[in-house]
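Visitor: Model the placement of chain B on the given structure of chain A, informed by the hints.
There are 2 protein chains.
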Amino acid sequence: MHDHIAEVPLEKAYRLINHGPTVLVSAQHEETRNVMAAAWACALDFSPPKVTVVLDKIAKTRELVELSGVFVIQVPTAAQLQLTRAVGSVSLQEDPQKLAHSGVELFSISGHDVPFVAGCSAWLACKLLPEPHNQSTYDLFIGEVVAAWADTRVFSDGHWHFERAHPDFRSLHYIAGGHFYAIGEALTPSVI
Amino acid sequence: MHDHIAEVPLEKAYRLINHGPTVLVSAQHEETRNVMAAAWACALDFSPPKVTVVLDKIAKTRELVELSGVFVIQVPTAAQLQLTRAVGSVSLQEDPQKLAHSGVELFSISGHDVPFVAGCSAWLACKLLPEPHNQSTYDLFIGEVVAAWADTRVFSDGHWHFERAHPDFRSLHYIAGGHFYAIGEALTPSVI
Numbered sequence: 001m002h003d004h005i006a007e008v009p010l011e012k013a014y015r016l017i018n019h020g021p022t023v024l025v026s027a028q029h030e031e032t033r034n035v036m037a038a039a040w041a042c043a044l045d046f047s048p049p050k051v052t053v054v055l056d057k058i059a060k061t062r063e064l065v066e067l068s069g070v071f072v073i074q075v076p077t078a079a080q081l082q083l084t085r086a087v088g089s090v091s092l093q094e095d096p097q098k099l100a101h102s103g104v105e106l107f108s109i110s111g112h113d114v115p116f117v118a119g120c121s122a123w124l125a126c127k128l129l130p131e132p133h134n135q136s137t138y139d140l141f142i143g144e145v146v147a148a149w150a151d152t153r154v155f156s157d158g159h160w161h162f163e164r165a166h167p168d169f170r171s172l173h174y175i176a177g178g179h180f181y182a183i184g185e186a187l188t189p190s191v192i
Numbered sequence: 001m002h003d004h005i006a007e008v009p010l011e012k013a014y015r016l017i018n019h020g021p022t023v024l025v026s027a028q029h030e031e032t033r034n035v036m037a038a039a040w041a042c043a044l045d046f047s048p049p050k051v052t053v054v055l056d057k058i059a060k061t062r063e064l065v066e067l068s069g070v071f072v073i074q075v076p077t078a079a080q081l082q083l084t085r086a087v088g089s090v091s092l093q094e095d096p097q098k099l100a101h102s103g104v105e106l107f108s109i110s111g112h113d114v115p116f117v118a119g120c121s122a123w124l125a126c127k128l129l130p131e132p133h134n135q136s137t138y139d140l141f142i143g144e145v146v147a148a149w150a151d152t153r154v155f156s157d158g159h160w161h162f163e164r165a166h167p168d169f170r171s172l173h174y175i176a177g178g179h180f181y182a183i184g185e186a187l188t189p190s191v192i
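Just so you know, the sequences run in chain order A and B. Residue numbering for the first sequence follows full-length UniProt numbering, starting at 1 and increasing by one per position. Residue numbering for the second sequence follows full-length UniProt numbering, starting at 1 and increasing by one per position.
Chain A extracted, bound-state conformation (with noise of 0.2 Å):
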């Protein structure tokens, strides 16, 4: 395991893209692994969590999410922007060396048959829970999150720390166009 990298309770998991961020989805079936961005993926319950995500039907990440039943959603940081904007831009069909040149690096994890994307801040590996109708019709693929990491240096005992990281280390917040938002300043209210 790479350093700074720690499990994260799957209790608290859901925390992990609860604000909305931007995310990575990674897939693999035999020799083809694919990276993608999504701005469609919101957290769906607590426990066991899952997750939603679309994924279009031109996406070769689907098919290989179709085929191996297992996927990674990541969140990547503001370090990671032009991969990012890259790797949601580029299709592997159009480029076979789509994830060299977007400069994704891959890393595995013991126990887990699917890639990791490098550099980002938080990791939640899924299993698919097919739902047809909702694939066909919406596009929309719902997986059970079994395990989840991240990066001590922004997410440590079940709690982000965008304010006090590193500026690098901020969730990306995609609009249309190109234009992200990064995330921003803490805010808490009174206590009710």
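Everything labelled a hint here was simulated from the structure, so no lab data went into it. Careful: at least some of the hints might be erroneous.
Stated by the list, open to error - Only pairs whose alpha carbons sit at most 25 Å apart, straight line, appear in this in silico BS3-like list of lysine-lysine:
# : chain 1 : residue 1 : chain 2 : residue 2
1 : A       : K98       : A       : K60
2 : A       : K12       : B       : K57
3 : A       : K127      : A       : K12
4 : B       : K127      : B       : K12
5 : B       : K12       : A       : K57
6 : B       : K98       : B       : K57
As the list claims (entries may be wrong) - Pulled from the structure, derived: some chain A residues nowhere near chain B, Cβ distances all over 10 Å:
#  : residue
7  : P9
8  : E31
9  : K57
10 : I58
11 : K60
Said to hold, decoys possible - Covered stretches of chain A (in silico footprint by chain B; criterion: 3 or more residues with CB under 8 Å from a CB of chain B, positions within the stretch not fixed):
#  : stretch
12 : 33-43
13 : 134-141
14 : 178-185
Just so we're clear, the structure is a prediction, and the values are computed from it rather than from any experiment. Even glycine gets a Cβ: it sits at the ideal position worked out from N, Cα and C.
Guide: What follows is chain B alone, placed relative to chain A:
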């Protein structure tokens, strides 16, 4: 219509929630109106625009959505931090005066028989697309966006302008335990 509120073309409505803000969900059936906070809301399609939102079985708002078939997804602002926390913490069952006690002011828009929360930055009027399996198994609701509006002081010409609007307009991104982040700085990658 209130000052500063302008209609957003349906094909750009997804941009109002693409960056993953925590939203407020409002609905009405007969004389009962309610508003709840939801961190688990997400765009689902561009055209016609659709959204997903998770509504727990204990939420009164869920019952109102099921009975009326319509609801509003709206984007609260940093100025509404306390309101957002309040409507997400208190139930209408516990406090029949929840909306007044939370500081919620509702307004109406001609042609839409559903309550809108004043002071938000964007509003998406949605028609429920009934999916009983998703609703009962996952608490997952799908809505088609039938009209959308935004406050032109922070969203105009199809784009958010958080970086030049007053900080009070920033969107809220909930984590857990009363901790929110505001959306932060704009980031634009180099052209690929």
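Visitor: Give a verdict on every hint.
Guide: For each hint, the structure was consulted:
1. A:K98 to A:K60: 12 Å, holds
2. A:K12 to B:K57: OK: K12 of chain A and K57 of chain B at ~21 Å, within 25 Å.
3. A:K127 to A:K12: 17 Å, holds
4. B:K127 to B:K12: Given pair K127 of chain B, K12 of chain B holds - Cα atoms ~17 Å apart, limit 25 Å.
5. B:K12 to A:K57: With Cα atoms ~21 Å apart, K12 of chain B and K57 of chain A stay inside 25 Å; holds.
6. B:K98 to B:K57: Answer holds: K98 of chain B to K57 of chain B is near 18 Å, not above 25 Å.
7. P9: 13 Å, holds
8. E31: 26 Å, holds
9. K57: At about 12 Å from chain B, K57 of chain A clears the 10 Å cut-off, so the statement holds.
10. I58: For I58 of chain A, whose nearest Cβ neighbour in chain B is about 14 Å away, the distance exceeds 10 Å, so it holds.
11. K60: Given a closest Cβ separation of 18 Å, the condition holds.
12. 33-43: Held - the stretch 33-43 of chain A has 5 residues with a Cβ nearer than 8 Å to chain B, which meets the minimum of three.
13. 134-141: holds (count 4)
14. 178-185: holds (count 8)
Violated hints for the displayed structure: none, as all numbered hints are satisfied.
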